[in-house]
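Q: Top to bottom, those sequences are chains V and D.
In case it helps, the numbering used here puts the first sequence at residues 1 to 160.
In case it helps, the numbering used here puts the second sequence at residues 161 to 755.
Just so you know, these hints were derived from the structure itself, not from any lab.
None of the values given here were measured: they were computed from a predicted structure.
Where is the CB? At the ideal position from N, CA and C, for every residue including glycine.
Hints should not be assumed to be uniformly reliable.
[Unchecked claim] Here are some, though not all, of the chain D residues that point toward chain V, as calculated from beta-carbon distances under 10 Å:
#1 S264
#2 A312
#3 V355
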Amino acid sequence: MNVWGAVAGGFVGTVVLTTALRAASELGFTRMDLPFLLGTAFSADRTRAKALGYLLHFVVGECFAFVYYGIFVAIGHSGWGLGAAFGLLHGLFASTALVSVLLPIIHPRMGTADSSAAARPLLEPPGFMMLNYGARTPLVTLLSHVSYGAIVGGFISLAS
Amino acid sequence: MRRAGYAPLRDYAAIGDGRTVALVAGDGSIDWLCLPDLDSGSVFAAVLDAERGGSFQLAPGCAFTTERRYLPDSNVLETTFITDDGVVRVLDAMLLPGDGLAPSRELARRVEGVSGHVDMHWRVEPRFAYGSRGPRIALRAGMPVATCGQDAVAVSAWEAGDPLLDEHSISGRFLASEGHAALIVLSAAHQEPLVFPPRAEVESRCAVTLAFWRDWAASRTYEGPWRDAVIRSALALKLLIHAPSGAIAAAPSASLPEQIGGERNWDYRFCWVRDSAFMLDAMMQLGCPSEAEAFFWWLLHASQLTHPRLGVLYRLDGGAKAQETTLDLSGYRDSRPVRVGNGAAEQQQLDIYGDLMQTAWLYASANSGFDRETGRRLAEVADLVCELWRQPDCGIWEVRSEPLHFTHSKMMCWVALDRAVRMAEAGWLPPRHVTRWEAEAIAIRDFIESRCWSDELVSYTRSAGGGDLDASALLGALMGYGVGDSRMASTIDAVRRQLGSGPLLYRYSGEDGLSGGEGAFLCCSFFLVDALAQTGRVDEATDAMGELVALANDVGLYAEEVDRETGAFLGNMPQGLVHLSLINAAVSLSKAQHA
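In isolation and in its complexed conformation, chain V is listed as follows (with noise of 0.2 Å):
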């Protein structure tokens, strides 16, 4: 284990993990947009705001790639289904807490169940696990980040 293997992990987990979210948008899945979520928190230009939602998307990948390998190191192993183990724990996460209650809180221009269109534009919450995005959108999301948890666990376990 070292902390290249977190920093490519997190890297290929990332693309991996945005583009299965992307196809599953494609496909009518969901209308979920993780970039266009982050990037609206900073910018109301919608080009700039995906620009730089994928950027953010990125650098958040790296940065739970490593709370996974300081993990790693902690329990003294790593692996394919540990990550993938803790890619469930994470998607869970996301899906709920992150994305439902805390994102809301802190982003500027999302909407809660106690606001209303009075100044701002506000994007439409995502309730719990997402539903609101569409019905099969905490399915796309577990099964992304388990992908992601598996690839980075990988990669970590792989490298020496």
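Dock chain D against chain V, hints included.
A: Here is chain D on its own, set in the frame of chain V:
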């Protein structure tokens, strides 16, 4: 007045944003809107199924009459409702991006009380995917939304009453008093979360939208006796131009019938190569070089996959597939089947090669040629025409009967080779096959003059050896075939005599493989005006033009056809080719009047 839930086609006005178009009936109901793009599935399709199609209704709750217009030189529609209780003005527009984070598509309806107190009712009934999928309606952050798979719409209402939600609709009512201004906005999202806009930004985008249209109209260069009709046509065409690609849709609607209750119902939300030369000519005449350039390069790009063969039509994104299917909708006044996609994409039509080469010739003449690669590709198209012109085809009107040797198709093959020779002489096409092109052009002319002429009819016929007439022969004259020739002059008279009544013309006589009939074809009528003007018959052309301009609906739009007896519109609307041919006829007429 609606009949069995259907407004007359003549009642529809169009609003749009360069991506999609909504059709607004005279009674304030939006009965057609596809999202996110003009060729996507519909969210409102009441014009094709009054019960299940979905609509966005906005009107007084009591009896009313209406007056309509577009705000001058814009695509912002104004409908004034006049009731016993007062007068209300509604402004409808698809908004263009402006300040702030805007929804990807935004339809705004601003309601202004002019006098008295009028009880206004509104109801949004979205039915996604051509009415096949009902929405899930709920509140999100206090906002009514309707979702379905990848698509969602939100309804923001300010000063327009508290929205009421039920299983199928979002509705409200309010009292519009003098000085009162309500705003109802439909925001749409596709494959992304919805954006709920604040009122101040919507109002700002309304102003931006109006200013854009007025600036665009003011930049058009036509100054002649038909300016109002020409500018309205230009604005209608601008609605049909797909902003991301520059392609132009033939019309924003699908399956509006050519005969009430009949089967001639087609999807026109594609770009036809046949329209290309008219499009480029009109855009250049109106001072729209950027639109003309975008269209020409889109056409070359789209046809690259099928090169050197051309598809009859292409999707607005440049794709060549347009599989025709039928929908489970009742159709406009029971006109079935309701089709989306277009089977004509699979046909062989030889005239389109002439349209492409004429388009290239017009573009090259205005821009002093084009690059070597484009020239090489066009030369390969000319070579292909030399091989294909002897084959029968389905013709410009896309008949579904057996292919024939259509006269117009042969004329356009001649046009293709004539323009290829001219472009080669100008140094824009490689010249190595010029001798062959010249020889084949002579052979085509011999074929037309020997087999497509009838001494009995004193006219070019619809097809080789046939006894029917076809108004498309007029196009031959407009493209330069037989200009100044006595045969073409007598063909114009024969077509008017046999296919026309006043300025109105039917397309052709004879079989086309379909049951039923159709109305008078308005683009042919404008072709007639153009042909008369170009052959020096200016007074006749002026009279006919005046009659045709008077046939537009109350906001200056045309459908594809008109019923000669009742004046009712038939077919898809607003139809791009009609408005293109109106512009070209007006320009020809102005030139002829000043000659």
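Q: Of the numbered hints stated previously, which ones are contradicted by the structure, given in increasing order?
A: The structure breaks none of the hints.
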